[in-house]
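Protein chains in written order, with our numbering: chain A, 1 to 355; chain B, 1001 to 1314; chain C, 2001 to 2370.
Please keep in mind that the hints were generated in silico from the structure rather than gathered at the bench. The reader is advised that the hints may include incorrect statements.
As the list claims (entries may be wrong) - Covered stretches of chain A, going by a simulated chain B footprint (3 or more residues, C-beta under 8 Å):
#1 26 to 35
#2 57 to 70
#3 130 to 136
#4 159 to 167
As the list claims (entries may be wrong) - Mimicking BS3-like on lysine-lysine, the simulated pairs with C-alpha atoms at most 30 Å apart in a straight line are:
#5 C/LYS2166 <-> C/LYS2194
#6 A/LYS75 <-> A/LYS168
#7 A/LYS75 <-> B/LYS1211
#8 C/LYS2112 <-> C/LYS2194
#9 A/LYS169 <-> B/LYS1219
#10 A/LYS252 <-> B/LYS1219
#11 B/LYS1219 <-> A/LYS75
#12 C/LYS2166 <-> C/LYS2112
#13 A/LYS252 <-> B/LYS1211
#14 A/LYS75 <-> A/LYS169
#15 C/LYS2112 <-> C/LYS2340
#16 C/LYS2327 <-> C/LYS2340
#17 C/LYS2327 <-> C/LYS2202
Claimed, not checked - Using C-beta positions, here's what the derived DEER-type ranges look like:
#18 C/GLY2205 <-> B/TRP1049: 48 to 58 Å
#19 B/TRP1143 <-> A/THR164: 53 to 63 Å
#20 B/ALA1054 <-> C/THR2111: 29 to 39 Å
#21 B/VAL1052 <-> A/LEU242: 23 to 33 Å
#22 C/GLY2140 <-> A/PHE295: 56 to 66 Å
#23 B/LEU1202 <-> A/LEU104: 16 to 26 Å
#24 A/GLY199 <-> B/VAL1052: 25 to 35 Å
It should be emphasised that the depicted structure is a prediction, and the values quoted were computed from it without experimental measurement. Glycine included, each C-beta is placed from N, C-alpha and C at the ideal position.
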Amino acid sequence: MTATRSAPPETRGLVEQSRRLPRLAPLGLFGLGALAGVAVSALTGFSVVLAVVYAVVLGTLAVYVASRSVEGTRKALDRLVTCVVTTAFAVAMVPLVSLVWTVLSRGLRRLDGEFFTSSMLGVVGEGGGAYHAILGTLIITGLTAVISVPIGLLTAIYVVEYGTGRLKKAITFLVDVMTGIPSIVAGLFAFALFAIFFGPGVRLGIMGAIALSVLMIPVVVRSSEEVLKLVPNELREAAYALGVPKWRTIIKVVIPTAIAGLATGVTLAVARVIGETAPLLITVGIINGTNLDPFDGRMATLPVFAYYQLTQPGFPPEFAIDRAWTAALILIILVMALNVVARLISRFFAPKTGR
Amino acid sequence: MTLTTAPPEAPRPKRRVGDRIFAGSATGAGILILLVLAGVAVFLISEAWPAVTAPAGDIPGGDGLSAYIAPLIFGTLLAAVIALVVATPLAVAIALYITYYAPRRLAAAMGYVIDLLAAIPSVVYGFWGIAALAPALVPFYVWAEDNLGFIPLFAGPASPTGRTMFTAGLMLAVMILPIISAISREVFSQAPALHREAALALGATRWEMIKMAVLPYGKSGVIGGAMLGLGRALGETLAIAIVLSASGGITFNLISTSNPSTIAANIALQFPESTGLDVNTLIASGLALFVITLAVNMLARWVVNRRADFSGAN
Amino acid sequence: MKLSTTTRAAVLTAALAGSLSLAACGASNESGGTGSAGTSSAEQLSGDLVGAGSSAQQAAMQAWQAGFNSQQPGVNFSYDPVGSGGGREQFLAGAVDFAGSDAALSDEELTKAADRCGASGVFELPNYISAIAVVYNLDGVNDLNLTPATVAGIFNGSITTWNDPKITADNPGATLPSTTITPVHRGDKSGTTKNFTDYLAKAAGDVWTAGAVEEWPTAGGEAANGTSGVIASVGGGQGTIGYADESQAGDLGIANIGVGDTFVAPSPEAAAAVVANSDRVEGRDDYDFAISVNRTTTSADEYPIVLVSYHIGCVEYDDQAKADAVKAFQAYVISEDGQKAAADAAGSSPISADLRNQAQTAVDAITAAA
């Protein structure tokens, strides 16, 4: 700026209004406030929780007041929101970290080779593993995804791209209804369906997959629908203008644009069903040995395995409880792996965005 | 926001074979859902019917079906409402933090961590709830009974184990937090860059930009995510069954040992040892849950549709 | 972004290969039935043997499966702990070969059983006996005596503090705090609750008026899911008291229960003794050993709060292989080895010699229809 002192006051006001706190000042102010908070809590009888609460509140206040006096109300509000949002994030992380810590600390005890290579056949007390349950979960969840993803995705495409009039309304409505099916009812439904054809004692892996599909399809539809709707209409219109038929527009333009969101949605949906216990208790049951054929007899699955190991631990209970936590840990690891796959898919298949 | 003029349509005159197949299979999938749902509905109603028509004395508890189900409905709604009230603001804050506040490099990893948490099986949440969360809340309950006892919610007597409705609600909140925040994040990050940059170019602060360009755009997505979360909260079975001490009727007292059970948890707890009419009664309560979730979802739809102008494909 | 088809294929292949490699190696402890070939000289059987029912028996069943499979590696045994009610229902519908149940068949179910099993009827063997301990968590109190009326008073909510006169009367000389009592009961329907409330109704009927029920009948107190849930709740609180299988009690205090003029601690021997000296339910078939446990025993050697869980099956099966498998399995379960295996794995009480001889008659009678 080469402005002289004779420059009109408006311009000057506009330029010089951006008086700012130095870059690290908010952090320092927050720290000071936090220290004061800890001091206050120490005076009133120290407790970790209270100390943290006081520290955060006073820290935020310090930043807000300082910013307000230096930068004005708008900036101050912005800083306040930043503090609040960050705090909210930190607050949310507390239970999540505690949960992960609990599962890790208890699950690592039995995370050994035997757990992956051995089933529970003939195992009493110590030892044994979840080989049968891991494979059972993979097979049943895989089948569920094979059933649910095409149906769910196609339905979402129908609702967003093709659907008109009453059928679209009906399907949207019914998908909403479906999200409300309690998991145990889905299990009962699948059981009743198969009992009609195979008698009341039937227990098959595929029954579990169908019960889980009833739960998974609406989740896939809802999330895919939400994501497909976000694809800008300009893209579709541009494709039509170039004479591309609608179905190719959907496959080549709409889906690739939305693929990251779709993958997240599907992963979330798989995650939703992979730990589902109640319907599998009814439809798939549990066995101690390995059964890899989802069309023949009972199968073991990780959640059911964990549930029974925890609730019916036998005597002494420690061994079974350790197995249960490890099974839970493996479930989480499985989903983590799935997540990686979903991320890879979205990275490889998504078109580059403009920015 | 008036970026659309007329709904886009495929070239009318010649419908290609590919189009017909694709449209057909998409419609087919929709109709299949219709059939499955009809199957579930027929099953639920036919199995619940004996309990509806049975004399009141035969229903567990001896006072008829509505007296049996009413506390369960109350408990289900109470737990879900606590969860939603706690989780939604936190989830939106998390989503905003990850999309617009966190350092770019950390953001992806944080999103990943949150996604993972949606995957933890409910049994694990249940055991975490009873092993870690409930004991940690006991001091708070004791304090609340002493200092906030005049509020009916905290009338006490405080539970010595912490397995209360409040604990259950908080645990549900933790469970649905990743679901709501994952979807909110997705939607927030899709907010049109042009709008965002325009806002910033006009001198808006980051919060003003979010308020003007991101939140209105993401609102329907947030509500959709909240509804998915609510669906999970309403239907959550084993975690509640493990954590909640369900031994009382309708009460707003959140911190005592006597709490109403929830429908899904009650089914899970009573089903294995039930026979005959008891099973029908449980399924009738399942039907009630079904109807409640339906009503909630319809409400959500209505809210979302009022803001439908903001979705790209409309 | 354009990506070659090969890269896409590689991603998929890698994912597939990962899961297949896991599948290919097989479970190390399963070697096709020959690895752990039986040492017994008994005739080797084959076929399926499927049971379902009581989840209380799950841990014992695991041990019985291990022992039975080492004798009869050719029999493909499985047990689904769906719950007693489900087990009985599946058995009566012909879906499973035998049921494990915490309660004997009701009269109504017996008529259905006639369709399932024909004229020779069913066998019901009390093969799994477990003492139910009254467990508590109260700092500074290591020894606690409770009469039946006091237990009933605590659990129906009429006794609310630990220094209540009724409790101090049972424990002369002990110093009890004024802590509030939090009774913990099962929140799920269970045979344990049924047996516990049956005990309260019979031993302290004037205090406990809610009868013998599977689902906890009164409001108030704390509810927990399953035996492990009760143990966790009692252990997690202060001044808590609950009921659970004795083997699961761990570090918790175990109350001595008033029997006659003395107080008896739960033990496997005392539990087996009370079952051995109880009367059979009258009007049942020859091999239907449904028992009405003597809850009001006055013998100091007996502990009256026990859970009795049955194995229910047909005396006559249509299929020879099925009959042989059931017979061999039940013979193993009631044998000393079998009962010891269950006691080690589940903490149950081995059945007495009298009960074994009685059960043996039923096992010997199992046949296939001519």
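Checklist entry - Holds or violated: C/LYS2166 with C/LYS2112, Cα cutoff 30 Å? => result Measuring from Cα to Cα gives roughly 47 Å; hence the hint is violated.
Next on the checklist: Taking 16 to 26 Å as the stated bounds, is the beta-carbon spacing between B/LEU1202 and A/LEU104 within them?
Outcome noted: violated, 48 Å
Checklist entry - the segment 130 to 136 of chain A covered by chain B? Criterion: 3 or more residues, Cβ-Cβ distance below 8 Å. => result Coverage by chain B is violated here, the residue count being 0 at a Cβ distance below 8 Å.
Checklist entry - With a cut-off of 8 Å between beta carbons, are at least three residues of the segment 159 to 167 of chain A near chain B? => result holds (count 6)
Next on the checklist: Does A/LYS169 sit within 30 Å of A/LYS75, going by the straight-line distance between their CA atoms?
Outcome noted: violated, 45 Å
Item to check | B/TRP1143 paired with A/THR164, Cβ distance criterion 53 to 63 Å | outcome: Given range 53 to 63 Å: holds, Cβ gap about 58 Å.
Item to check | Outcome for the supplied range 56 to 66 Å, where the beta carbon pair is C/GLY2140 and A/PHE295 | outcome: holds, 60 Å
Item to check | 30 Å Cα cutoff - pair A/LYS169, B/LYS1219 | outcome: holds, 21 Å
Next on the checklist: Hint check: C/LYS2166 vs C/LYS2194, CA-CA at most 30 Å. Holds or violated?
Outcome noted: Holds, at roughly 25 Å.
Checklist entry - Taking the CB of C/GLY2205 and the CB of B/TRP1049, does the distance hold inside 48 to 58 Å? => result violated, 38 Å
Checklist entry - Quick one, are C/LYS2327 and C/LYS2340 close enough, alpha carbons at most 30 Å? => result holds, 19 Å
Checklist entry - Honestly, do B/VAL1052 and A/LEU242 meet the 23 to 33 Å range at C-beta? => result violated, 59 Å
Going down the numbered hints, you'll see the structure goes against 1, 2, 3, 6, 12, 13, 14, 15, 17, 18, 20, 21 and 23, while the others check out.
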